[in-house]
Each structure stands twice: as C-alpha cells, then as structure tokens.
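With the sequences and hints as input, model every part of the structure.
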Amino acid sequence: MAGATPMAATTPVKVYGPPLSTAVSRVLACLLEKDAPFQLIPVNMAKGEHKSPDYLKIQPFGQVPAFQDQSINLFESRAICRYVCDQYASQGYRGLYGTNPLVKASIDQWIEAEGQSFSPPSSLLVFQLVFAPRMKIKQDENVINQNVEKLSKVLDVYEKRLGESRFLAGDEFTLADLSHLPNAQYLVNGTDKGELFNARKNVARWWDEISTRDSWKKVVEMQNSPPA
Amino acid sequence: MAVKVYGPVTAGCPQRVLVCLVEMGVDFEVVHVDLETGDHKKPEFLPLQPFGQVPVVEDGDFRLFESRAIVRYYASKNAEHGPNLLGTTLEEKALVDQWLEVESHNFNDMIYGLVLQLEVLPRMGKSTDFKLVQKFVDNLDKVLDVYEERLSKSKYLAGDYYTIADMCHLPGITFLLTGNGFGHLIRERKSVNSWWNDISGRPAWKKVLELMK
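Chains as they are written, first to last, in my numbering: chain A, 8 to 235; chain B, -2 to 210.
Just so you know, not all the hints are guaranteed correct.
Said to hold, decoys possible - Here chain B is said to cover these stretches of chain A; the calculated rule only asks that three of the stretch's residues, wherever they fall, bring their Cβ under 8 Å from a Cβ of chain B:
#	region
1	36 to 42
2	70 to 81
3	105 to 115
What the hints assert, rightly or not - Computed from the model, here is a short list of chain A residues facing chain B with C-beta under 8 Å:
#	residue
4	Arg85
5	Arg89
6	Asp93
Derived by calculation from the structure, the hints in this document are not laboratory data.
All C-beta atoms, glycine included, are put in the ideal place defined by N, C-alpha and C.
Take a look at the structure:
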C-alpha cells in the first residue's frame, strides 16, 4: 500500500472519553496544537461504560481514550498523539514531533521518560489526591509519601535538564513536554503538592511556559465545563 | 564506529536494544554496567543517563537513553540494512506505536512489578509481597486475554509483519517463562504461544541469548 496522503483538516476525528481523564486530555492538547477538528464523545466511566461490550470493540483493554478518523481506529494516548502529528504534519504547530531524526529521537527519549519515570508516581498521586476523594475511596498515606519521594527524585533530574535546555527535548516545545501536562496540571492546581514543581526554579519556569499555551488553556476549560 | 550500549546483557531493557541492533545490522559493543554494585547510580554514570538506569547508547557524539526510544531510532535509521520493523503507511506506523505503548504500559508495568517483588527486593534483603505478585499475575491474565484475541486474528500485534511492537516483548516474556511458575500464562494461550514461538525463534533473538552465556 502506498503512503497515504495526510488528510485535510475538514472531517472531525472522534475522541472517546471524559476530558477529566489525563490520557484523554493528552490527546485533546495534541489535536488543539495541530488545529485538528475533533468531536469528543462522552464515555460514562462511573457507570462502567468503558467496560461495555460496545466500547471494548474500540478499546479492548477497557480504557480511555479511543480514537477514530476516516482511516483508523486507535488507542493509547501517546500513539494517538504521534499519529495526529504525522497526519496533520503541515498544519498547526509544526515542531511538535520534530523535523529530523535526531530531534525526533530526543523527543521519543523524553516521551519515554515521561511514560516510564514521571507518569508512574505522578499518576498514583493524582489518583490518591484528586480522584480517590471524589470517588469516596480512602486515601493511602504510605502510597502518597512513597510517590512524593519518587516524583521528587524524578523532578530533580528534570531540574538539571531544564537548566541546560529550554524544553525537555531541546529549544522548542514538543510532544515530550505536552505529555506531562495532564498529570502536572492536577498536581499543581488540584493538590497541596504544587511545591514539587514550583519550588524547583527551572521546572517552575518550564511549567509556566507549557501550561499557559492556548491549547492547554482550552483543555483545562473543557475539563472545568459541565458535560454537554 | 561501533555503537556503545551501556548495560548488563542479562538485563531486560538492554536486551530490547541489543535485539534491535542485531536485526538492523548495527555494529555494537556492550559496555558492562554492574547493577548489583550500583554502578548505574554512581556519579560517573549519571552524566550518561541522568535517571541512573540502563541502557544508554553512545553513537559518536550522539547519546540516547530509554530502550524503546533507542529501538525506534535504529529501526528507522538503519532501515535499508534490516527488515521493516516500523510499518510503511501512517496507519501501519500508528498500529505499531499503539501496540508498543500497550507493551510499555499494560504489559511491562506488570513484568516490572513481578521482577521487583521476586528478584530485586529479595536481593536487597527485603521481603516479597505475595499479594502484589498475585495482583500483577491477575492483571497480566486479563491483558494476555486481549493479546490472545488480537493474535487469533492477526499474525503479529500490529498486522501481518513482525515489528518493534512484537520485539519489545522478548525480554519480558522470557522472564515469565524462566522458572517463576508463570509459563502457563503464555503456553496455555494458543495464539499467544504460537506468536511467542515465532518471535523468539528469530535469529536476532537467539544471538542475544548467546551473548548472555
């Protein structure tokens, strides 16, 4: 099959899942950066809709988000983001996934660092501090303390890196920085652990730059709006 | 000039890189890092890999860490010297990415948990939490049910061809099959088992296993 022609920005893609979900919001941020029109389709997780037979057809692990456009049905937020960057390469913010192999490698390295080192402790903290109370689940102080410690060590590495480089993968904002927005947003603005970011000079500077991008502000607005 | 791969050949993450380099015909040299004596956490190592982890590669002046980023890079860079492990169209590439993310999160998180509980903690003189072990195994069971369904319809995870999405599972599944009592998770699933026999039978993986001797 010959390489598909990247599509024009006319037909909205479909994203399934609530904007409050960190993984869903990662995809929304990317679509907004690329000026790609989308339709957000609600999935009622409180009622277990993500485990329903119909939903499992589009995401067999029963997780959000799922994504559909005219050519493909995809899941896993970071895979969806990479696809969106390639599919809409010529529009929106151009440098999101790099313009040459060396830059792309650096972006991939930091997307992996986000997924393997930043995400595990930060996701656990977001669950314990933000979602558990909403779901009336008892918080586990041990888990909170252990993961504050783990995340602190990770952010020490980021502090050093961001003293050498404006953004994680280099001098431009990329998918590597974007991947961090969802969990960091909750921690900085929804918990008493914002210090983890704000007390580190370079991390604080970086957080301020990436979180005030128009695309991210729109995502936060979507998270704060009542469902349609 | 040969690419330097820092890490012990016996550890899963370096193995992920080594098998890719062998598949893609990249000359490499392994620089041993002793995890037991904590070489990877020493001040001399941190400039190479600031999280104090293996592997990291050095290719002339170019340095890269995170095994899956390294795999993506060489699968693309050496595309003329090896099989196409990434897909061709945007859609094929996206499916490869999707299943690589599944390996990275749904699958590997459980493997990592099991390795920590059953190998790392005992080596540090700490005790295994068997309730956690059971939780990881139960989660793996559910994940592998999805794999069984997928592989009953598709020869490899991303489609008709072997890709980095399949490749990145090699070390983790090897762990499951090596004397921990979890082999049934693979062997009792017909499509998963046949996929495993196929991907682990590739010469590149056999060569990596030779390196461990």
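Going through the hints against the structure:
1. 36 to 42: violated (count 0)
2. 70 to 81: Check passed, 3 qualifying residues.
3. 105 to 115: holds (count 6)
4. Arg85: holds (5 Å)
5. Arg89: holds (5 Å)
6. Asp93: holds (5 Å)
This entry does not satisfy hint 1, going by the numbered hints stated previously; all others are met.
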